[in-house]
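Asker: Here's the letter readout for the chains.
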Amino acid sequence: MIVQNNKIAQNHKSRIEKHHIEDFIGRSYMSFCVLLLIVAIISMVYFVMSKGVSTFVVDKVSISDFFFGTKWSPEGNNPSFGALPFIAGSFITTLLAALIASPLSICAALFMTEIVPGWGKKLLQPVIELLSGIPSVVYGFVGLSVIVPFLRDVFPGQGIGVAAGSIVLSVMILPTITSVAVDALSALPQNLKESSFALGATRWQTISGVIIPTTLPAILTGVVLGMARAFGEALAVQMVIGNAPFIPKSLFESASTLTSVITLGMGNTTMGSPQNNSLWSMALVLMLMTFLFVFIVRLLEKRRAI
Amino acid sequence: MKARTKDKIATAVIVTLALLIVAVLAGLLGYILFRGLNHISWDFLTSAPRKIRAGGGIGPQLFNSLFLLVLTLLITVPLGLGAGIFMAEYARPGRITAFIRLIVEVLSSFPSIVVGLFGLLLIVNIFGLGFSLVSGALALTVFNLPLMVRITEQAFRSVPAQQKEAGFALGLSKWKIVTTVLFPVALPAIITGTILSAGRVFGEAAALMFTAGMSSPRLNFNDWNPLSPSSPLNPFRPAETLAVHIWKVNSEGLAPDAVQIAAGASAVLVITVLIFNLVARYMGRLIYRKLTASRRMN
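Chains as they are written, first to last, in the UniProt record's numbering: chain A, 1 to 306; chain B, 1 to 298.
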């Protein structure tokens with residue numbers, strides 16, 4: 001009897017231990033995965049930083065020359081590394097794209113949530129998903145073969161340039177802004193709307209006076225996320241923007257962005273040369289801008305919580 | 001009266017702009033398919049590209065894209081599952097969890113070209129893997145992992161709490177609950193998300209230009225020994241993917257029919273992404289029905 005009891009107890013104990021071992025293995029594996037994420041980001045920040053800073057430390061390019069210099073001629077006897085044209089190009093195209101895409105996206109979101117919530121959502125949801133699924137090189141190809149010839153025929157200039165880049169980018173960031181805006185609008189408490197309607201307000205008065213002001217931080221989150229995407233997009237822009245190293249004076253002039261210069265330049269320069277280092281500095285700028293965008297998104301989300 | 005006219009105008013504007021987006025998508029898809037479909041043939045899909053003469057295909061590129069996708073998923077799925085389950089079930093709210101969440105957010109919004117450069121520096125040069133499929137897959141891992149983590153976490157969080165509580169009430173260990181109770185319920189959402197993210201990886205180009213390379217060696221499709229340099233299965237060979245090929249043909253294509261090749265390749269790319277979307281939906285529903293009791297309960 002006692003022996004049997006012992007056996008049961010032992011059996012019981014070993015089973016508990018098996019559970020513990022399983023738990024331990026599972027937990028360590030998952031911690032390892034998380035650790036990998038941390039290692040990935042730390043090494044990324046470290047490597048991009050160390051390469052990006054060497055323009056200023058090793059090659060002695062002054063920081064103000066890099067950020068405010070307008071002359072980009074990295075080769076030759078007297079090279080100059082003014083990256084302002086590219087920084088300006090990135091900012092101009094990103095802002096223009098956001099200006100085009102935001103009203104469209106907000107209208108799409110209102111259409112899906114306020115105007116015809118039933119079939120509006122059924123129609124636009126797959127449209128948004130498909131738009132976000134189309135690869136960026138395809139956007140570039142369509143931009144190059146549709147938008148550029150169109151702009152060339154209608155406006156002065158070659159067609160390639162800031163306007164083409166912004167239009168292509170605006171279509172690419174439409175889904176980002178729309179889906180965030182839809183989430184925000186559908187999370188809005190119903191009674192807010194109902195009380196507005198009860199006061200005799202029309203739908204537009206409710207939308208403009210109640211719905212948009214209350215969801216504005218959330219909608220802005222979407223806009224910032226879209227801008228982050230536009231700022232980092234490389235190939236589609238590179239294909240249609242013309243890649244001239246000047247600050248554009250009109251919308252229909254060729255320009256460059258940080259990403260397009262890196263795309264074109266990185267393969268043709270040798271590692272460690274001043275020209276190559278300056279490209280890494282631009283990658284560093286891109287990375288810092290990502291941090292800034294994430295920071296702004298977080299600020300907006302805090303405001304949303306109140 | 002005035003408010004009412006304003007309302008009508010505003011509604012009309014909103015509806016017009018919303019329908020404009022539908023028209024943009026219809027125009028885009030229509031254009032891509034119309035331009036590309038008549039260029040797609042079996043020969044185009046299987047033959048190798050030609051540099052200067054017309055009539056090249058996209059065979060190796062298509063194969064590279066699919067192979068790279070498989071490699072990437074082999075790496076990211078287990079890792080993303082682990083980290084995602086950790087975030088959903090094990091991480092306690094606190095400073096470290098908030099930090100990890102921030103990391104996932106930052107990583108997923110990194111420009112893909114920065115990820116590509118990082119891959120060029122660390123994987124290609126310092127690890128010495130060179131321009132290869134493995135390098136490309138590792139770069140895509142950096143790019144895809146945060147997505148997988150998010151998908152997994154969301155899938156696990158959407159499992160009803162009662163299921164977990166029932167598991168605890170039966171005296172199961174946490175690990176058992178995660179693997180046998182929560183995972184099957186979360187699986188359909190994870191699979192759907194994985195296939196959708198695979199579609200994104202399939203179209204990714206900027207991160208691959210500097211890691212998987214912009215050229216493809218002459219492949220011998222009769223040689224399936226993964227160690228020989230001309231074998232398609234060799235993971236250490238450079239591999240130009242379909243998306244990179246489209247970019248290259250558009251930017252510096254020398255073949256006289258470069259525009260047609262770009263159109264055909266774009267159509268193939270878009271059709272593949274569409275298939276991924278459809279398969280994701282279908283698989284999600286199918287597996288949900290297989291793994292849960294939803295059919296018996298109805």
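There could be a bad hint or two in this list.
Sample of chain B residues at the chain A side, in silico, Cβ under 7 angstroms [stated by the list, open to error]:
#1 Ile96
#2 Ile100
#3 Ser109
#4 Gly167
#5 Ser173
To give an idea of the interface, some chain A residues facing chain B are shown, with a C-beta separation under 7 angstroms as derived from the structure [said to hold, decoys possible]:
#6 Ile21
#7 Asp23
#8 Gly26
#9 Met30
#10 Ile41
#11 Val45
#12 Leu110
#13 Phe111
#14 Trp204
#15 Ala228
#16 Gly232
#17 Ala283
#18 Leu286
#19 Leu288
Just so you know, these hints were derived from the structure itself, not from any lab.
A virtual CB, placed ideally from N, CA and C, is assigned to each residue, including glycine.
Asker: The structure should be examined with respect to each hint, and the outcome stated for every one.
Answerer: We went through each hint and held it up to the structure:
1. Ile96: For B:Ile96, the interface hint is violated, since the closest Cβ of chain A sits about 9 angstroms away, which is over 7 angstroms.
2. Ile100: Interface hint status for B:Ile100: holds (6 angstroms vs cutoff 7 angstroms).
3. Ser109: Nearest chain A Cβ about 5 angstroms off; hint holds.
4. Gly167: 13 angstroms, violated
5. Ser173: 4 angstroms, holds
6. Ile21: 9 angstroms, violated
7. Asp23: 5 angstroms, holds
8. Gly26: 4 angstroms, holds
9. Met30: 4 angstroms, holds
10. Ile41: 5 angstroms, holds
11. Val45: 9 angstroms, violated
12. Leu110: At 5 angstroms from the nearest chain B Cβ, A:Leu110 passes the 7 angstroms test, so the hint holds.
13. Phe111: 4 angstroms, holds
14. Trp204: 4 angstroms, holds
15. Ala228: 5 angstroms, holds
16. Gly232: 3 angstroms, holds
17. Ala283: Check passed: Cβ of A:Ala283 comes within 5 angstroms of chain B, closer than 7 angstroms.
18. Leu286: 5 angstroms, holds
19. Leu288: 11 angstroms, violated
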